[in-house]
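K.L.:
Protein chains in written order, with the numbering used here: chain A, 1 to 364; chain B, 1 to 364; chain C, 1 to 364; chain D, 1 to 364.
Everything labelled a hint here was simulated from the structure, so no lab data went into it.
Any given hint might turn out to be false.
Between beta-carbon pairs, the in silico distance windows are [to be verified]: (1) D/320 - A/271: 44 to 54 Å; (2) D/174 - A/47: 33 to 43 Å; (3) C/272 - A/281: 48 to 58 Å; (4) A/270 - C/281: 49 to 59 Å; (5) C/282 - D/171: 35 to 45 Å; (6) B/272 - A/318: 15 to 25 Å; (7) C/46 - B/199: 58 to 68 Å; (8) C/281 - D/282: 40 to 50 Å; (9) B/272 - D/282: 55 to 65 Å; (10) D/282 - C/37: 26 to 36 Å; (11) D/320 - A/47: 42 to 52 Å; (12) C/66 - D/172: 14 to 24 Å.
Ideal Cβ positions, reconstructed from N, Cα and C, are used throughout, including at glycine.
Chain by chain, the residues run as shown.
Number of protein chains: 4
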Amino acid sequence: MSMNSFGRLFRFTTWGESHGPAIGAVVDGCPPGLAIDEGVIQPFLDARRPGQSKFTTQRQEPDQVRILSGVFEGPDGLQRTTGTPISLMIENVDQRSKDYSEVAVAYRPGHADYAYDAKYGFRDYRGGGRSSARETASRVAAGAVARLVIPEVKILAYVSEIGGDMIDPGKFDEAEIGNNPFFCPDAAAAARWEKIVDDARKSGSSVGAVVECYASGVPAGWGAPLYAKLDADLAAAMMGINAVKGVEIGDGFAAARLSGEQNADPMRPNAEGPDGAPEFLANHAGGIAGGISTGQPVTCRVAFKPTSSILTPQQTITRDGEAAEMFTKGRHDPCVGIRGVPVVEAMMALVLADHKLLHRGQCG
Amino acid sequence: MSMNSFGRLFRFTTWGESHGPAIGAVVDGCPPGLAIDEGVIQPFLDARRPGQSKFTTQRQEPDQVRILSGVFEGPDGLQRTTGTPISLMIENVDQRSKDYSEVAVAYRPGHADYAYDAKYGFRDYRGGGRSSARETASRVAAGAVARLVIPEVKILAYVSEIGGDMIDPGKFDEAEIGNNPFFCPDAAAAARWEKIVDDARKSGSSVGAVVECYASGVPAGWGAPLYAKLDADLAAAMMGINAVKGVEIGDGFAAARLSGEQNADPMRPNAEGPDGAPEFLANHAGGIAGGISTGQPVTCRVAFKPTSSILTPQQTITRDGEAAEMFTKGRHDPCVGIRGVPVVEAMMALVLADHKLLHRGQCG
Amino acid sequence: MSMNSFGRLFRFTTWGESHGPAIGAVVDGCPPGLAIDEGVIQPFLDARRPGQSKFTTQRQEPDQVRILSGVFEGPDGLQRTTGTPISLMIENVDQRSKDYSEVAVAYRPGHADYAYDAKYGFRDYRGGGRSSARETASRVAAGAVARLVIPEVKILAYVSEIGGDMIDPGKFDEAEIGNNPFFCPDAAAAARWEKIVDDARKSGSSVGAVVECYASGVPAGWGAPLYAKLDADLAAAMMGINAVKGVEIGDGFAAARLSGEQNADPMRPNAEGPDGAPEFLANHAGGIAGGISTGQPVTCRVAFKPTSSILTPQQTITRDGEAAEMFTKGRHDPCVGIRGVPVVEAMMALVLADHKLLHRGQCG
Amino acid sequence: MSMNSFGRLFRFTTWGESHGPAIGAVVDGCPPGLAIDEGVIQPFLDARRPGQSKFTTQRQEPDQVRILSGVFEGPDGLQRTTGTPISLMIENVDQRSKDYSEVAVAYRPGHADYAYDAKYGFRDYRGGGRSSARETASRVAAGAVARLVIPEVKILAYVSEIGGDMIDPGKFDEAEIGNNPFFCPDAAAAARWEKIVDDARKSGSSVGAVVECYASGVPAGWGAPLYAKLDADLAAAMMGINAVKGVEIGDGFAAARLSGEQNADPMRPNAEGPDGAPEFLANHAGGIAGGISTGQPVTCRVAFKPTSSILTPQQTITRDGEAAEMFTKGRHDPCVGIRGVPVVEAMMALVLADHKLLHRGQCG
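One chain only, chain A, in its complex shape (with noise of 0.2 Å):
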């Protein structure tokens, strides 16, 4: 029942604050023998970290990570995974708290410090605390995990839109992704999306993000109705991630505007795959159906508000109640959305991880 721990046999807990000493995961439920170091979860923190470009926040942090348990050299002299719980460790290293001075008497609109206050009557407030992006960290790292266990997968997300201005998907190029700071699959867009954040930066204003991902090579069968439906675990995870507001799987709203033949999705028998597996037609249902996972692939939408942290002065109050107005001069993201990317890519391979072991579990 833990509140804050995500899965349900592939299993992860995460903890610490932004300007506290560390942050870290434990992941509980791996399989035994799944080959891991350091060198295999590292690059997914690279991809994710703070200070990479003018166009993302400019606080460093090296995020190295350290396994500290879990782990053990294997008969073949490789480290493996023992089936314990592998604790994940990663130090902070650059806090200014000195930033944060004022936001310890007044509440910033648009972050959770007023309702942390009201929870739990007072909170840790430097960087946002337990609130912050730092903790994304230690998912990404835990999905580094769970990407051991689901070899068969191939997991992608990139941002399909920022501050409305969206990709064309005819020029969609997975080589692209990598090649602007963005993780944008559009040439075009990324240039022009250049200006939009970096004049969002100067102004000391954000804008929101639109990220896309999808998993295939997901077989038919992972999900487990009703209530640890794929989709739903899918939308609590990604819904879960900070300053995300909206969730869909497949065709998502556009589906409540397609009429029954539109959006089904027919099949046809499938002269290479498995027996009696079919061949999809279309795919508005976003390789999910009835919350169990159908061969199709698994395609997800996930919206990112703007980032909160703006320089204009915004009406607050203090508190002890009184009015107020702040504006956040610490270092932070004008687009968070973008550092989103490689947290839906680790929520997704976490998920499936867990409906892979959940499957087995009960199925074999």
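Got chain A sorted already, so can you dock chains B, C and D onto it with the hints?
P.N.:
Quick look at chains B, C and D alone, frame taken from chain A:
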């Protein structure tokens, strides 16, 4: 970890197939002392029942609920919850199994038929078995119990869009919702929808819908970061409803197109409220920040795809992997989103009740 | 986190009060494809039923179970599990509520009356409400389903001691267990116990008992350290049975009096077994080491206190806190431990089934 | 469902191998506002440390705990819990891995070596890896946090028996417990035990022990039938401690030999207590009835088997299934039960803290 239970402290488990003898729910963790009898629950089921108008499915089910445990006559003569599990049962009356004979051997596109077979090896195909929307009656019954836990909260859901045709927010009239078969708060829109849905029914097609729901009176502090966030639990709850493909909190995907200044919810001191509680000047957040309720109304939008049971023949395969064509002859909803309204309300109640108890448990 | 569910993957939830209309269980996570109908479950309930001999309670309950969901006719015509929740219901027939009128206002010492009132504020006092041993019928029904998951395991429980009088291990005869009303494997002991229990019944007193249970055929590897240890789960399962006050695995408390050499279970190569699997030369461990099964028979002992419903007047207080005296007039067991045997077997089956699936889920 | 987490609301997850770089625990669900720093936790670890006397293992570990998250300076300058996860870490310092070289290829009888290999395929064999009693340091640290939640409860554990030699209850002196290396409340018994344990140590053998624990000040009402019973959770908590083979609540197995009249706990009005709360005239129940606390002291007894690491050669097999003989050369406890005392207290605290929050959550 149960795959058919939802919730953490206030937790319900549902069971039952569409064409089995009955369906039901066991509600666990309900606080003791709440006044309850069948009369408290039945009205919510009546709002959901099939066969109520020509616009919904023609299956006639009385949906009479029985309370089999967890209640007893209190000192004042009223039947009250004892704190032990509350078992609710609804018998199935009007199954027409012969309409499903073809379904046994071929997969209906857009339904979970193929996915269930891939997972379990075989399935109760009659009426969609466990994947049927019949099961939502169990949820509505459980939701009625949940409402007793949160008397301070008002929950209201309505259809805001059918087949792409939207209500006019300026004409919103709560009293109108009960006046038409669409749970529509805009009389003019309701009139247009009669034609849209009737056309779909006559042509054997179907349309999608969007349901909006809000909960007012939710105090600040409900929700437990990071993995029991209130919005994440709502996302899972709603995405888990049959035919749902998208969930938004507050501005949802529209937030991705706002700037930071446009999206912020400024605060000012509240003259009337409790010490320190602010008055919010906007509600882009949908009442949740950092996964915790803020005191603003909690708002969400849920997208329902069009029913996949249509008269138009569609390409599919049989259980043996051979090509086939199929259309559905049984009785079906031309728009399942309509009857989703009581279900969305029930899930909102269930999640809020659970979080009220969770918050009380951890923070007193 | 459910408070009325037990198990992690193979999980059951029970409901029902002793004098309510019915009791039942919902079994979740059962693998699909297992052949099952009422006839598979009923024999286990029949072994447990009250009113079977003059040595057990005189309440006459047919305990007829109905399967309400989770099963369907498979391709071969046999009814089989579908993988969806299996709802089992047993109607209460022979309640005599008038026998409990006094219990409404005073607390029976040794029962949970006072504790329930302190927790919930009020309770269904009739027949012990939810605390009644009637609920164990639900567990026995769920246990029958669990056995289908572990056909490779043989489970056997029997009474080894009543009122301090012990069986002679040298006279152990499995066939004898079904020959007497005490599930006793030693005919001479059974004869002695007739007098002991009859004397207790006639004088309105009661005696305690010890039940032993073993499971053979459990392979090595079930159980997941650290907090899903097989022995910890068995301890919780058994201690949770009404009237149980002690649980031992293997040598139990006797192990505390052995030396290291005496307690060790030496191993030697097993000529017949799978590669590497050892033959154990002793079983002090009770088949579990470090929380994981070793392949040795899993053995446990469970201590049942004497029934607290006796004719001897005892000092107590009323609901209003005033002094009172009370004795119980209703029909009761002079030795509840006897009917604990099928319950102990059921819990052993439920825990083992859960762990088989858990192990398969994590380790394949 | 986590396999390495314990508890429902107040929940902890432990990680770490005996010879890995560190061990730790993440405590989740702790109420906010409790004053805590390393100085609150360290004393409990110091009571548990190895190398404290010639009677316990000779491994020298400082067991210095660090709090890495979940705390912050409150308004009054004291460091307090924030309600977010509390990560505790203890570095391993004194590992002597060379002592375990033989263990890599053969299985120590009585340990979990074979079981771990059977389950996971391979294991960190050094010092027992995850199955080592080192992990209990994590539990003791978590238990220290739990005690902050239940300041109204006094918990005390002590050894009541070593190698079959029992204390004399008539000579019980609480102050004596801290005066000898055995946590023994009977000075005369402590003197006898010096010889018993020293003899075992010198001959390379080992002895078992029984630890008793009680908690006073527990109000009535904690525990949630049926499957979150307080006694069932205590049974799981204690049986899950390394080397434990038996758990009793109240009279335990002795209750099986009492009559109903002897076993009952009569009640009478309590002149001083709250309205309606009784004074109990005996405590055979051990403070728990029907799985709920009654207000009587909660008492339990825990049986520890003798250490399986002994110098006497024992028959075993190698990883390849061949016959072998082995004895353990490393540093070991001649009586692990002694250091089980702080662990038993910690588990009592963890279970009670969890149940206090659970009860508050459901019943207010």
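K.L.:
Are the hints correct? Go through all of them and say.
P.N.:
Okay, the hints, checked on the actual structure:
no.: 1; hint: D/320 - A/271: 44 to 54 Å; verdict: 47 Å, holds
no.: 2; hint: D/174 - A/47: 33 to 43 Å; verdict: 59 Å, violated
no.: 3; hint: C/272 - A/281: 48 to 58 Å; verdict: 55 Å, holds
no.: 4; hint: A/270 - C/281: 49 to 59 Å; verdict: 55 Å, holds
no.: 5; hint: C/282 - D/171: 35 to 45 Å; verdict: 37 Å, holds
no.: 6; hint: B/272 - A/318: 15 to 25 Å; verdict: 18 Å, holds
no.: 7; hint: C/46 - B/199: 58 to 68 Å; verdict: 59 Å, holds
no.: 8; hint: C/281 - D/282: 40 to 50 Å; verdict: 45 Å, holds
no.: 9; hint: B/272 - D/282: 55 to 65 Å; verdict: 56 Å, holds
no.: 10; hint: D/282 - C/37: 26 to 36 Å; verdict: 49 Å, violated
no.: 11; hint: D/320 - A/47: 42 to 52 Å; verdict: 44 Å, holds
no.: 12; hint: C/66 - D/172: 14 to 24 Å; verdict: 55 Å, violated
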